[in-house]
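J.: Spelled out from the first residue to the last, the chains are:
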Amino acid sequence: MASDAHTKGSGSTLGPRQYIQITIGLAVVTVLELIASYAGLGTVTLVTVLIVMSALKFGVVVALFMHLRFESRVFTQMFMLGLILATAILIGLLALFWNDSTDALGGEELPPWEHHGH
Amino acid sequence: MEATEAAHGEHHTSLGVDNRMLLMWIFLASECLFFGSLISTYLIYKGESLVRPLPDDVFDIPLTSLSTFVLLVSSFTMVLAVYAAHHNFPKMMKLSLLSTILLGLVFLGFQVYEFRLFGSEGLNLSTNQFGASFFVLTGFHGVHVGVGVLYLGSMLIGSMRRNGLGPSGGLYMEIAGLYWHFVDIVWIVIFTVIYLIP
Numbered sequence: 001m002a003s004d005a006h007t008k009g010s011g012s013t014l015g016p017r018q019y020i021q022i023t024i025g026l027a028v029v030t031v032l033e034l035i036a037s038y039a040g041l042g043t044v045t046l047v048t049v050l051i052v053m054s055a056l057k058f059g060v061v062v063a064l065f066m067h068l069r070f071e072s073r074v075f076t077q078m079f080m081l082g083l084i085l086a087t088a089i090l091i092g093l094l095a096l097f098w099n100d101s102t103d104a105l106g107g108e109e110l111p112p113w114e115h116h117g118h
Numbered sequence: 001m002e003a004t005e006a007a008h009g010e011h012h013t014s015l016g017v018d019n020r021m022l023l024m025w026i027f028l029a030s031e032c033l034f035f036g037s038l039i040s041t042y043l044i045y046k047g048e049s050l051v052r053p054l055p056d057d058v059f060d061i062p063l064t065s066l067s068t069f070v071l072l073v074s075s076f077t078m079v080l081a082v083y084a085a086h087h088n089f090p091k092m093m094k095l096s097l098l099s100t101i102l103l104g105l106v107f108l109g110f111q112v113y114e115f116r117l118f119g120s121e122g123l124n125l126s127t128n129q130f131g132a133s134f135f136v137l138t139g140f141h142g143v144h145v146g147v148g149v150l151y152l153g154s155m156l157i158g159s160m161r162r163n164g165l166g167p168s169g170g171l172y173m174e175i176a177g178l179y180w181h182f183v184d185i186v187w188i189v190i191f192t193v194i195y196l197i198p
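In order, the protein sequences belong to chains A and B. Under my numbering, read the first sequence as residues 1 to 118, first letter to last. Under my numbering, read the second sequence as residues 1 to 198, first letter to last.
This is chain B alone, in the form it adopts within the complex (with noise of 0.2 Å):
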């Protein structure tokens, strides 16, 4: 059984799971308290602006709507790469990656155009309360996004190789994954709280 561990990589701890999905669970957990802190200065600073823009002139709920769907669409894709990860289809494994991947850029080709669009309207970090704790939080989301799309990036360069991701290619795969879905949970969280709460 040790021997036959010790050929898959696994790591076990004591409380019986594999020590690589409890680091990422506990960071995640760790996450969920960095962004609720963001949530809550966003909502504490919510109608406190002084001097416009305020989120009724620049937000713009259709365009955020859609990049919602690419986001929910590249969670599929990213459970569809665990699942053939699992199941040992390499191909199909690659391409529900690079979807993703493509996926999560086309997210951040809509953050930066909305930021863009904010900006064009007088709205930065240091115009008003709103401002602030609007780019602070979405911003950050914009850097998981990105990070993610990197950290995705390297496991399919990885999958690449003559022998793929290894024998542990579908715990890793696993472990990218619950990654990228948090950032969509996170998302779920932000598109509803800043963007359809009045």
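Same shape as in the complex, but just chain A (with noise of 0.2 Å):
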């Protein structure tokens, strides 16, 4: 039954008029994100917003798009098994090598950079 479902539309009842709106709110999100990052924000404010604005950005896509939300929960577990090691990929690598001993091997050498902003 649930390949019947798949190819007849995945049990999803969205339609062209939902997909415009989605597609609308996830342009205006962007836009948000570009102005948060002009926005002079302190940076921990502004990851935390950036990083947020980016989750819900992937979770529209992955569940209307991509129609997660519709399907048999095999795939969700499936991509959530995926995207959970490559989370705990970042948390262990970051943890490792992140400000490590390595880094300040270099850093007496840094030449005096004049940072400008974007």
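Errors might be hidden in some of the hints.
The calculated label-pair distances, taken between Cβ atoms and stated as ranges, are [claimed, not checked]:
id, chain 1, residue 1, chain 2, residue 2, range
1, B, Arg161, A, Val31, 37 to 45 Å
2, B, Phe69, A, Gly42, 24 to 32 Å
3, B, Met160, A, Trp98, 45 to 53 Å
4, B, Met92, A, Gly40, 44 to 52 Å
None of these hints come from the bench; they were simulated from the model. Backbone N, C-alpha and C fix where the C-beta goes; we use that ideal spot for every residue, glycine too.
Both chains come to you apart, so use the hints to assemble them.
T.: Right under this line is the structure:
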């Protein structure tokens, strides 16, 4: 039966009108991300805001454009497994190598760059 | 029931789902690990470069935002192609598929322009840690977009045959759509992590 659903429309009840609304929503969130990046927010606030908005866009595309919301839970579990492992890799590698002892080797030789924002 | 399934070319697994869909989802899960590792590498090397140029020297955020919008619209046209394939609207499907391919090519054009611009500023794979991790990450994403364009191109050619994509055409388009949307969500993460986060 699951295959019947796939060949006839994945069980999704969304139509072109809804897809247009979703795309406009995603575009608005992208504009908000841009505004936030130029708004002069503090680093922690900015990073939090950007990650939340990015995760929102990610979730909407996966759930509605990729129809994961309307599909078998097996697909959700499979994709979530990949995502969780990827996040674990990210956290593990950052914990191992971010600000490790090798960073100090070149630190003294850094030229006095004049940073200018984008 | 079995005769009907055989006629539609459907392949069940013991999980009760189509094995072609399952295969694509497993592939996308493995791709999460691939891009997760590349994004981790970029973040580890962030701020470690000893020579210029640095991200602030070369990034053109308005230009990259434009290419982000192009990819976003391509996701919309892709989902329309899937909708049309499921509802048996062949003209709408072909038009949407062609639009997706063209938008994918425009995105690649933006990326080639950006790479050439960065190259003219003295940034390449061997310049510094930023250059190495940036070009590998965005380059692999670009390769995925290129593969997606070829994939969708083959779907478009297939849909122009006399019997179209066959009885499983909707399913094949859905699977192609999964790949294309995945390329889009990877860019959503790259755009935020690489370009917007200071």
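J.: Are the hints correct? Go through all of them and say.
T.: Right, here's what the structure says about each hint:
1. Arg161(B) x Val31(A): 37 to 45 Å: At roughly 41 Å between Cβ atoms, Val31(A) and Arg161(B) fall inside 37 to 45 Å, so the hint holds.
2. Phe69(B) x Gly42(A): 24 to 32 Å: holds (27 Å)
3. Met160(B) x Trp98(A): 45 to 53 Å: Holds: the Cβ-Cβ distance is about 51 Å, inside 45 to 53 Å.
4. Met92(B) x Gly40(A): 44 to 52 Å: Given a distance of about 45 Å, which is inside 44 to 52 Å, the answer is holds.
The structure agrees with every numbered hint stated previously.
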